[in-house]
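S.K.: The residues making up each chain are set out below.
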Amino acid sequence: MQQDRIRNFSIIAHIDHGKSTLADRVLELTDTVSGREMREQVLDSMELERERGITIKAQAVRVAWKGHQLNLIDTPGHVDFTYEVSRSLQACEGAVLVVDAAQGVEAQTVANAYLAIENDLELLPVVNKIDLPQADPDGAAQELADLIGGDPDDVVRISAKTGQGVEAVLDAVIERIPPPSGDTDAPARALIFDSSYDQYRGVVAFVRVIDGAFRRGERLLAMAEGTRFEAEELGFFSPTMRASDTLEAGEVGYVITGLKDVSRLRVGDTLTSLERPAAEALPGYKDVKPMVFAGLFPTESDDYPDLRDALEKLKLNDAALVYEPETSQALGFGFRCGFLGLLHMEIVRERLEREFDLDLLVTAPNVAYRVLTKDGEDVEVHNPAEMPAEIERVDEPYIRASIIVPKEFVGPVMELCNERRGRFDHMEYLSEQRAVLIYELPLAEVVVDFYDQLKSRTRGYASFDYDIVGFREGDLVRLDVLIAGEPVDALSLILHRGSAYGRGRALVDKLREEIPRQLFDVPVQAAIGSRVIARETIKAKRKDVLAKCYGGDITRKRKLLERQKAGKKRMKQVGAVEVPQEAFLAVLNLDGAK
Amino acid sequence: MSADVQHLYVHLPFCGHRCGYCDFVTLVGRHGQHHRYVDALLEELELERGVLEPRLETVFLGGGTPTFTEPRALRRVLRALPPAEEVTVEANPETVTPELASLLRDEGVTRVSLGAQSFQPRLLAVLERHAGPQDVRRAFYHLRGVGFDNISLDLIYGIPGQSPADLAADIDEALTLGPEHLSCYELEAKRGTRFAHAHGAELARQAQAMEGYFETVVAALTAARYRWYETANFCRTADAAGGRDLRSQHNLGYWLGRDYLGIGIGAVSTVARRRWRNTPRLPAYLAALADGASPPREFEELSAAVRGRERVMLGLRLDEPFRVNGEEDLLDRDALDRLTRLGLVTRVGDELALSPRGRLLGGGVTAELLA
Chain A
1 MQQDRIRNFS IIAHIDHGKS TLADRVLELT DTVSGREMRE QVLDSMELER
51 ERGITIKAQA VRVAWKGHQL NLIDTPGHVD FTYEVSRSLQ ACEGAVLVVD
101 AAQGVEAQTV ANAYLAIEND LELLPVVNKI DLPQADPDGA AQELADLIGG
151 DPDDVVRISA KTGQGVEAVL DAVIERIPPP SGDTDAPARA LIFDSSYDQY
201 RGVVAFVRVI DGAFRRGERL LAMAEGTRFE AEELGFFSPT MRASDTLEAG
251 EVGYVITGLK DVSRLRVGDT LTSLERPAAE ALPGYKDVKP MVFAGLFPTE
301 SDDYPDLRDA LEKLKLNDAA LVYEPETSQA LGFGFRCGFL GLLHMEIVRE
351 RLEREFDLDL LVTAPNVAYR VLTKDGEDVE VHNPAEMPAE IERVDEPYIR
401 ASIIVPKEFV GPVMELCNER RGRFDHMEYL SEQRAVLIYE LPLAEVVVDF
451 YDQLKSRTRG YASFDYDIVG FREGDLVRLD VLIAGEPVDA LSLILHRGSA
501 YGRGRALVDK LREEIPRQLF DVPVQAAIGS RVIARETIKA KRKDVLAKCY
551 GGDITRKRKL LERQKAGKKR MKQVGAVEVP QEAFLAVLNL DGAK
Chain B
595 MSADVQHLYV HLPFCGHRCG YCDFVTLVGR HGQHHRYVDA LLEELELERG
645 VLEPRLETVF LGGGTPTFTE PRALRRVLRA LPPAEEVTVE ANPETVTPEL
695 ASLLRDEGVT RVSLGAQSFQ PRLLAVLERH AGPQDVRRAF YHLRGVGFDN
745 ISLDLIYGIP GQSPADLAAD IDEALTLGPE HLSCYELEAK RGTRFAHAHG
795 AELARQAQAM EGYFETVVAA LTAARYRWYE TANFCRTADA AGGRDLRSQH
845 NLGYWLGRDY LGIGIGAVST VARRRWRNTP RLPAYLAALA DGASPPREFE
895 ELSAAVRGRE RVMLGLRLDE PFRVNGEEDL LDRDALDRLT RLGLVTRVGD
945 ELALSPRGRL LGGGVTAELL A
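Here the protein sequences come in this chain order: A and B.
Heads up: the first sequence runs through residues 1 to 594, numbered per this note's numbering.
Heads up: the second sequence runs through residues 595 to 965, numbered per this note's numbering.
Keep in mind the hints are simulated off the structure, nothing from the lab.
Worth double-checking, as some hints may not be accurate.
What the hints assert, rightly or not - Lysine to aspartate or glutamate pairs mimicking EDC-like chemistry, simulated, CA-CA at most 20 Å apart: (1) A:Lys569 <-> B:Asp926; (2) A:Lys565 <-> B:Glu904; (3) A:Lys541 <-> B:Glu809; (4) A:Lys568 <-> B:Asp923; (5) A:Lys559 <-> B:Asp923; (6) A:Lys559 <-> B:Glu894; (7) A:Lys548 <-> B:Asp913; (8) A:Lys539 <-> B:Glu805; (9) A:Lys568 <-> B:Glu904; (10) A:Lys548 <-> B:Asp853; (11) A:Lys548 <-> B:Asp923; (12) A:Lys565 <-> B:Glu796; (13) A:Lys565 <-> B:Asp926; (14) A:Lys260 <-> A:Glu218; (15) A:Lys548 <-> B:Glu780; (16) A:Lys559 <-> B:Asp926; (17) A:Lys559 <-> B:Glu904; (18) A:Lys548 <-> B:Glu921; (19) A:Lys548 <-> B:Asp748; (20) A:Lys565 <-> B:Glu921; (21) A:Lys541 <-> B:Glu914; (22) A:Lys568 <-> B:Asp853; (23) A:Lys559 <-> B:Glu895; (24) A:Lys557 <-> B:Asp931; (25) A:Lys557 <-> B:Glu894; (26) A:Lys568 <-> B:Asp617; (27) A:Lys559 <-> B:Glu782; (28) A:Lys548 <-> B:Asp931; (29) A:Lys557 <-> B:Asp853; (30) A:Lys557 <-> B:Glu780; (31) A:Lys565 <-> B:Asp931; (32) A:Lys539 <-> B:Glu809; (33) A:Lys559 <-> B:Asp729; (34) A:Lys557 <-> B:Asp926; (35) A:Lys569 <-> B:Glu647; (36) A:Lys548 <-> B:Glu805; (37) A:Lys548 <-> B:Glu904.
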């Protein structure tokens, strides 16, 4: 297909603003699926022909409209996945930005709009649900125009539910979104914007061809990773998998690689032909490096192999998930896992618990730190216990947060952001009632209890989204918890010096409550380096005997001791101190990690 | 069954009143049934006589209140017993008259354990004890009067409302009487007792304040030249008693892991690899023995490992070192090392001993030490 006949676009929207319904209408209107099929096969749950044994979800669907090839590239259902949204946007020239006529602009709308603008995408603003009785299409259109700096009259007003105005959206895609402009004669280059794993066919790459063309059976090279493989099959989704002989410049489709390991084909890498390779890789994506880390430990140490197997399986379909074995003297064997963000962490954890039936203990999440040691060495630290003792400087990741609230909550939100070391960037009124606050915040301040606080301080009205803006120096310290003089690795934290005292005190108090009295005095301390900043002592028991033990008491007393011994075996040993697992849970919960 | 059991326990369940904290098998009043009960008891003794040595080391009559038993019935029991070195009877102060004291003396009882519990009327009332401090003293003198030279007093501490001064006064009062032996128990509100219902919450509240009472008792009695020979038991030191060993030989049998036969309702026996408990129900007990059959029993088979664990658990209650006898697999080595470092346990050769603090923490220490 000629490039000027191709349009590649995404639909982006705040959750429940009608992205999926609009996508469904597009498929229907373009006769890609019939009305009958439509009811059974919405884009969100599309599965491939089962006889081919493939159950890959379509990441991009090709439709035809007025002589043009439109590729609708899916963004994840949860727009919270900023990193996934940004991948999908990389494959497009434009995006349809959908806003609910009754709700107006929300935080994800703002975050996505920023992302799209950063990616130089043409934004096509759409107000949806104009058929709702409480709809305010004019108000929503004004908010949208203000957000992206356009004219409210250019906003397309539709009802994806009834189909009203959807044709106009498709027309506008052709009119306003620019066609691809790759070099058809240059050596082939394609961007991998997503990948999936199928147990029969191996890794399936979703690609956007930029230059040249790819042919079935061709030997290919993933330039960054150096992985070589044969293009077993090429094609596109419409809406089911359609094999084709070639994928040409400007087109979007899939490549079946036969590779058995997703990590060998990284999202963001550039595919080229091995025979006639491109000189340079495409400017890659923002490298999606994990930013949030937490230790995952099975509550029953026997479950460790199950946890390892479960992580391996998840990793097959989630290349962003990283993990490595971690041994904690307090929590036993587990894994240090890296996630792209909070939602990613929640989803992984939920899947492990639900799909793999594991009981997990999750340590307080922390972020990635870049540390310059006194020796002049640069290290990236993912685990507070690994923080070097001698530190020259520490950089931590910062986010740009968009928070949209009714105006009466602006004060409480600013207060919260200030408490969390936020730097105010700017505020805009979206309407008379609602404001968007843009703050820069250390990610570390957001991973712990920020959502909950935001919700409770705005009575649930705030909407929030963020993206990572980079690393900045912070006045950070490592806070260690010592039980009877032994540092408890699982409880170490890296935090801002200003919060160290409060947190140290809270940790120590909680542990004193939770750790049962022992046969000896147990000091519980919070320390920064060698300096103790909070201390409590769990006083030793002074007696621990059953007063009476005669002929009739022996069995009962023995069973009591046996139960006591079994209870001790379930405890985690920190030095000579037995700490019940519940104590760790209570302390980790103190940090608001759900 | 081999016939080498040296220790016999006889349960006499009748009481004038059931104290709120009591969870023993007891029956209130029932004067009309005392003789029928003794008939059955003696029948059970006949049935089991084969396991007993002809001459025993010890007999212990416990209850209930053995001395509440109708005197002629009590006499029948005492006369039917096999001869023994030590014959102990438990008594409540209000039941000890000069006549009863003489009866016990005449029928070969060598030792009386008197349930004093406290000398403070206020605290005795909390315990629902009917005897007052005067009854305790009177009973003690009656027993001394007929020549008993081995009398034990039971004391209870940790009674709701008991101050440190109350405890000190109780110990003083007890020492003034000069008993050969003292048993001092911390009050336990056992589940399901009336007492737990009435005072459980209060006991939990004051638990921390009363934590030091055990230490106080041990310190006061050892200072008065009593030997703290078992967790809750004290006797005059041999030095202070002209060389006599005043430990309860019967109870020592339990703590050394010896076999024992128990007869009567609810009584427990341990013989070789088997433990059994008689039915606590009087009608069932009477009916079976009226037919010359053993009473209904619950049996528990004891493996060598279980008996080993019990030997550790019981042996560590004593002041004399525990002999491991090479059974190293009974012990948790890591725990032993840990407890040694904490100064709670010492191991010398085959012997394991708890330090004084180790003994105050004997329950926790034992739970750790057991493999």
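S.K.: Could you run down the list of hints and mark each one as holding or not?
M.R.: To see whether the hints hold, each was checked on the structure:
1. Straight-line distance between C-alpha atoms of Lys569 (chain A) and Asp926 (chain B) comes to about 11 Å, which keeps the hinted pair within the 20 Å bound.
2. For the hint linking Lys565 (chain A) to Glu904 (chain B), the alpha-carbon distance of about 14 Å falls within 20 Å, and the restraint holds.
3. A threshold of 20 Å between alpha carbons decides the hint, and for Lys541 (chain A) with Glu809 (chain B) the separation of about 12 Å falls inside it, so the pair holds.
4. A distance of roughly 18 Å separates the Cα atoms of Lys568 (chain A) and Asp923 (chain B); the hinted pair therefore holds under the 20 Å criterion.
5. Straight-line distance between C-alpha atoms of Lys559 (chain A) and Asp923 (chain B) comes to about 19 Å, which keeps the hinted pair within the 20 Å bound.
6. For the given pair, Lys559 (chain A) sits about 13 Å from Glu894 (chain B) by alpha-carbon distance, which is consistent with the 20 Å threshold.
7. This hinted pair checks out: Lys548 (chain A) and Asp913 (chain B) have alpha carbons roughly 16 Å apart, not beyond 20 Å.
8. Among the hinted pairs, Lys539 (chain A) with Glu805 (chain B) is consistent with the structure: their alpha-carbon atoms are about 12 Å apart, no more than 20 Å.
9. Among the hinted pairs, Lys568 (chain A) with Glu904 (chain B) is consistent with the structure: their alpha-carbon atoms are about 19 Å apart, no more than 20 Å.
10. Distance restraint check for Lys548 (chain A) and Asp853 (chain B): the Cα-Cα separation of roughly 18 Å lies within the 20 Å cut-off, and the hinted pair is therefore satisfied.
11. Between Lys548 (chain A) and Asp923 (chain B) the alpha-carbon distance is near 27 Å, which puts this suggested pair outside the 20 Å criterion.
12. Our distance criterion of 20 Å between C-alpha atoms is broken by Lys565 (chain A) and Glu796 (chain B), whose separation comes to about 28 Å.
13. Straight-line distance between C-alpha atoms of Lys565 (chain A) and Asp926 (chain B) comes to about 10 Å, which keeps the hinted pair within the 20 Å bound.
14. Restraint check for Lys260 (chain A) and Glu218 (chain A): satisfied, since their Cα atoms lie roughly 18 Å apart, inside the 20 Å limit.
15. Between the alpha carbons of Lys548 (chain A) and Glu780 (chain B) the distance comes to roughly 9 Å, so the proposed pair stays at or under 20 Å and holds.
16. With a C-alpha separation of about 17 Å, the suggested pairing of Lys559 (chain A) with Asp926 (chain B) holds against the 20 Å cut-off.
17. Restraint check for Lys559 (chain A) and Glu904 (chain B): satisfied, since their Cα atoms lie roughly 10 Å apart, inside the 20 Å limit.
18. For the suggested pair Lys548 (chain A) and Glu921 (chain B), the alpha carbons sit about 26 Å apart, so the restraint of at most 20 Å is broken.
19. For the hint linking Lys548 (chain A) to Asp748 (chain B), the alpha-carbon distance of about 11 Å falls within 20 Å, and the restraint holds.
20. Between Lys565 (chain A) and Glu921 (chain B), the direct Cα distance comes to roughly 19 Å. Compliance with the 20 Å bound is thereby established for this hinted pair.
21. Annotation: proposed proximity of Lys541 (chain A) to Glu914 (chain B) is violated, straight-line Cα distance about 23 Å (limit 20 Å).
22. Note on Lys568 (chain A) and Asp853 (chain B): the hinted pairing is violated, with a Cα-Cα distance of about 31 Å set against a maximum of 20 Å.
23. Among the hinted pairs, Lys559 (chain A) with Glu895 (chain B) is consistent with the structure: their alpha-carbon atoms are about 14 Å apart, no more than 20 Å.
24. For the hint pairing Lys557 (chain A) with Asp931 (chain B), the CA-to-CA distance comes to about 24 Å; that exceeds 20 Å, so the pair is violated.
25. Distance check on the hinted pair: Lys557 (chain A) and Glu894 (chain B) sit about 14 Å apart at the alpha-carbon level, within 20 Å; holds.
26. Pair hint Lys568 (chain A) plus Asp617 (chain B) does not hold up; C-alpha atoms about 29 Å apart against a cutoff of 20 Å.
27. Taken as a hint, the Lys559 (chain A) and Glu782 (chain B) pair is honoured in the structure, with Cα atoms around 18 Å apart against an allowance of 20 Å.
28. At most 20 Å may separate the alpha-carbon atoms for a hinted pair to count; Lys548 (chain A) and Asp931 (chain B) exceed this at roughly 28 Å.
29. The straight-line distance between the Cα atoms of Lys557 (chain A) and Asp853 (chain B) is roughly 17 Å, inside the 20 Å bound, and the hint therefore holds.
30. Taking the CA atoms of Lys557 (chain A) and Glu780 (chain B), the gap is near 16 Å; set against the 20 Å cutoff, the hint holds.
31. Only pairs whose Cα atoms come within 20 Å are accepted, and Lys565 (chain A) paired with Asp931 (chain B) is accepted, the gap being roughly 16 Å.
32. A threshold of 20 Å between alpha carbons decides the hint, and for Lys539 (chain A) with Glu809 (chain B) the separation of about 16 Å falls inside it, so the pair holds.
33. With a C-alpha separation of about 39 Å, the suggested pairing of Lys559 (chain A) with Asp729 (chain B) is violated against the 20 Å cut-off.
34. Between Lys557 (chain A) and Asp926 (chain B) the alpha-carbon distance is near 19 Å, which keeps this suggested pair within the 20 Å criterion.
35. Proposed proximity of Lys569 (chain A) and Glu647 (chain B) is contradicted: the alpha carbons are some 43 Å apart, above 20 Å.
36. A distance of roughly 17 Å separates the Cα atoms of Lys548 (chain A) and Glu805 (chain B); the hinted pair therefore holds under the 20 Å criterion.
37. Straight-line distance between C-alpha atoms of Lys548 (chain A) and Glu904 (chain B) comes to about 15 Å, which keeps the hinted pair within the 20 Å bound.
Consistency note: the structure conflicts with the earlier hints numbered 11, 12, 18, 21, 22, 24, 26, 28, 33 and 35.
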